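Line order of the protein sequences matches chains A and B.
Residue numbering for the first sequence follows numbering that gives the first Met the number 0, beginning at 0 and increasing consecutively.
Residue numbering for the second sequence follows numbering that gives the first Met the number 0, beginning at 0 and increasing consecutively.
Think of the hints as simulated: they come from the structure by calculation, not from any bench.
Computed from a predicted model, the values in this text were never measured in an experiment.
Hints are supplied without guarantee of correctness; some may be wrong.
As the list claims (entries may be wrong) - Distance windows between CB atoms, simulated: (1) A:Gly33 x B:Asp224: 35 to 45 Å; (2) A:Ala102 x B:Gly272: 40 to 50 Å; (3) B:Val64 x A:Ala158: 44 to 54 Å; (4) A:Ala158 x B:Asp224: 21 to 31 Å; (5) A:Asn249 x B:Asp224: 21 to 31 Å; (6) A:Ala135 x B:Ala246: 22 to 32 Å; (7) B:Lys1 x A:Gly192: 28 to 38 Å; (8) A:Asp272 x B:Glu225: 39 to 49 Å; (9) B:Arg32 x A:Gly264: 55 to 65 Å; (10) B:Ala246 x A:Asp272: 29 to 39 Å.
To be verified - Straight-line C-alpha distance at most 20 Å; calculated PhoX-like pairs for lysine-lysine: (11) A:Lys98 x A:Lys239; (12) B:Lys85 x B:Lys109; (13) B:Lys216 x A:Lys213; (14) A:Lys140 x A:Lys152; (15) A:Lys98 x A:Lys236; (16) B:Lys109 x A:Lys213.
Unchecked claim - Listed below are several chain A residues computed to face chain B (Cβ distance under 10 Å; list not exhaustive): (17) Gly118; (18) Leu139; (19) Ser147; (20) Ala156; (21) Leu164; (22) Phe172; (23) Ala182; (24) Glu183; (25) Ala184; (26) Phe185; (27) Phe207; (28) Ala241; (29) Ala245; (30) Ser254.
Here a beta-carbon is modelled for each residue, glycine too, at the ideal position from N, C-alpha and C.
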Amino acid sequence: MRIGLVGLGRMGQGMGARLLSGGHELLVYNRTAGKSGDLEKAGAMVAATVAAACKDREIVISMVADDAALNEVAAGIQASLPNDAVHVSMGTHSAGAIKALAAAHAEKGQAFVAAPVLGRPDAAAAGQLVIVAAGAPAALKKCEPAFSLMGRKTVEAAATPESALAIKLANNFVLGCAIETMAEAFSLVRKYGVNPQVFYEVMTEGLFAAPAYKVYGKLMADASFDKPGFTTRLGLKDIKLALAAAELVNVPLPSGSVVRDRLVGAIAHGDGDKDWAVLAREQARACGLE
Amino acid sequence: MKIGFIGLGRMGRGMAHRLLGGGHDLVVHDVVRAAGDDFVRAGGRFADTVADLCAGREVVVTMLVEDAAVIDVALRPGGLCDSLPKGAIHVAMGTYGVAAIRTLGAAHAKAGQVLVAAPVLGRPDLAASGQLGIVAGGPEAAVRTCEPLLQLMGRKTFQAGELPESATAIKLANNMVLGCAMVAMAESFSLVRRYDVSPRVFYEVITEGLFSAPAYKGYGKTMVDETYDNVGSPITVGLKDANLIVAAADLARVPMPSLNIYRDRLLGAVAHGDGDRDQAVLAREQARAAGLE
Numbered sequence: 000m001r002i003g004l005v006g007l008g009r010m011g012q013g014m015g016a017r018l019l020s021g022g023h024e025l026l027v028y029n030r031t032a033g034k035s036g037d038l039e040k041a042g043a044m045v046a047a048t049v050a051a052a053c054k055d056r057e058i059v060i061s062m063v064a065d066d067a068a069l070n071e072v073a074a075g076i077q078a079s080l081p082n083d084a085v086h087v088s089m090g091t092h093s094a095g096a097i098k099a100l101a102a103a104h105a106e107k108g109q110a111f112v113a114a115p116v117l118g119r120p121d122a123a124a125a126g127q128l129v130i131v132a133a134g135a136p137a138a139l140k141k142c143e144p145a146f147s148l149m150g151r152k153t154v155e156a157a158a159t160p161e162s163a164l165a166i167k168l169a170n171n172f173v174l175g176c177a178i179e180t181m182a183e184a185f186s187l188v189r190k191y192g193v194n195p196q197v198f199y200e201v202m203t204e205g206l207f208a209a210p211a212y213k214v215y216g217k218l219m220a221d222a223s224f225d226k227p228g229f230t231t232r233l234g235l236k237d238i239k240l241a242l243a244a245a246e247l248v249n250v251p252l253p254s255g256s257v258v259r260d261r262l263v264g265a266i267a268h269g270d271g272d273k274d275w276a277v278l279a280r281e282q283a284r285a286c287g288l289e
Numbered sequence: 000m001k002i003g004f005i006g007l008g009r010m011g012r013g014m015a016h017r018l019l020g021g022g023h024d025l026v027v028h029d030v031v032r033a034a035g036d037d038f039v040r041a042g043g044r045f046a047d048t049v050a051d052l053c054a055g056r057e058v059v060v061t062m063l064v065e066d067a068a069v070i071d072v073a074l075r076p077g078g079l080c081d082s083l084p085k086g087a088i089h090v091a092m093g094t095y096g097v098a099a100i101r102t103l104g105a106a107h108a109k110a111g112q113v114l115v116a117a118p119v120l121g122r123p124d125l126a127a128s129g130q131l132g133i134v135a136g137g138p139e140a141a142v143r144t145c146e147p148l149l150q151l152m153g154r155k156t157f158q159a160g161e162l163p164e165s166a167t168a169i170k171l172a173n174n175m176v177l178g179c180a181m182v183a184m185a186e187s188f189s190l191v192r193r194y195d196v197s198p199r200v201f202y203e204v205i206t207e208g209l210f211s212a213p214a215y216k217g218y219g220k221t222m223v224d225e226t227y228d229n230v231g232s233p234i235t236v237g238l239k240d241a242n243l244i245v246a247a248a249d250l251a252r253v254p255m256p257s258l259n260i261y262r263d264r265l266l267g268a269v270a271h272g273d274g275d276r277d278q279a280v281l282a283r284e285q286a287r288a289a290g291l292e
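Working from the sequences, and respecting the hints, build out all of it.
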């Protein structure tokens with residue numbers, strides 16, 4: 000298949016390499032130059048503009064960091080996407096931005112699929128992402144060969160593209176709540192003289208024997224926040240996206256509001272670039288432990 | 000060992016049978032006399048009063064439903080404090096509040112006895128099979144004395160610390176993490192439903208990755224299927240526990256904003272007539288808040 004890829008961050012590079020490994024013809028573009036070296040060696044062609052990256056493509060994938068970046072490249076894609084081609088937006092964006100983008104593509108008679116992913120750069124490089132996809136059935140079918148190279152599983156959300164974002168953002172929201180909850184629990188047991196490692200063992204050996212609790216619980220028990228896998232600032236961005244998606248459809252998320260406030264507090268205390276497990280320290284501050 | 004066991008409810012009877020099966024000299028007591036029949040048949044003895052039960056016992060285990068019950072059994076005239084030999088150990092294995100545990104600990108100390116708090120993780124089926132998780136708090140020597148008994152009742156014992164209430168804090172914190180996980184799931188289900196996503200699809204996404212744990216698989220499934228009348232732990236019990244956690248946090252001066260949301264949602268569920276339903280009905284309470292029901 001002839002595929003365009005816009006956005007060569009760590010996620011995009013891994014995904015691009017997977018597409019090349021499947022024998023697809025890949026044309027790549029990045030807003031800042033110098034990111035395409037590895038993919039070129041693996042056989043990718045480089046486009047100088049978004050418009051050029053869309054030329055003769057059957058699918059154009061965008062994998063950019065935020066709504067602002069998406070809006071910057073989206074105009075070019077809308078102007079240059081060939082008839083019958085599909086724009087697949089795979090970044091984590093606001094439900095509002097995806098809804099607007101879907102409408103803009105529809106107006107031009109273009110096919111659009113939202114397909115945000117679960118997984119980090121290592122999963123992207125290994126083709127082990129979980130892809131949450133939504134769009135017209137024919138467009139989804141067209142993307143399937145590309146999805147099966149990039150992910151280990153594709154989950155179909157619902158009819159509207161923004162429904163895929165709802166799932167992705169809700170998943171991140173559940174994680175944020177789990178982190179905040181653990182932070183509160185650790186501060187409670189610490190006040191009763193309990194070694195955090197003991198509470199960690201109790202929690203993770205039974206009901207919560209899952210990666211979310213094992214990974215973030217360990218960081219909290221060890222007070223190890225300086226090697227961020229995901230920073231407080233990025234956590235805040237995700238929780239705000241979840242709250243905005245909820246507000247758009249009139250769903251109150253009281254737990255989300257708590258998490259947002261704690262993240263804001265952590266940033267206020269200088270922990271913005273730490274791992275977002277640092278919410279444990281923010282909560283400890285709130286109860287006079289730090 | 001010479002053991003007494005008070006409280007033969009669904010949890011207690013499984014635990015007491017494990018002790019009897021371990022070859023210990025067991026005397027049991029319950030306010031319902033008939034609850035002791037199968038223990039007598041199996042070689043145990045039923046004591047008609049707490050005072051009778053306490054005579055000559057090295058360890059007495061209580062598995063009672065709430066603070067008021069354990070305080071009454073321990074402090075009333077002829078209760079544990081009056082009747083246990085000096086140096087004997089009271090192992091309180093129910094889920095109690097910090098204040099109650101402190102009151103018990105002080106009363107036993109005054110009577111020359113020792114309190115160990117050893118709340119358990121697990122339901123009646125695990126109690127019957129000796130597979131509970133047990134969190135033990137109390138003086139090290141006393142916990143060591145109890146160790147053979149705890150090994151019969153549980154698959155693992157966690158050492159909380161020298162103070163009985165340290166075990167209480169762990170048990171309550173664990174319950175809090177569970178309650179808040181349910182609230183977060185409830186909120187996220189209402190969010191995706193508003194985007195016409197099938198709850199089952201979202202359930203599959205979360206439980207196959209970051210949240211592939213019993214808490215999410217069990218309660219998430221109940222929320223997807225809306226089988227709230229199949230009650231594991233009802234809303235009213237969740238509210239009782241939430242109040243114990245709020246009190247423990249209050250005593251230790253720990254603000255817990257997520258806990259307060261959990262407690263408020265429980266109250267709302269009771270207000271809407273769902274008090275006797277499974278705690279997963281928090282999903283419906285949240286759906287109400289979002290205008291979905």
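Which of the numbered hints are not met once you compare them with the structure shown? 1, 6, 16, 18, 19
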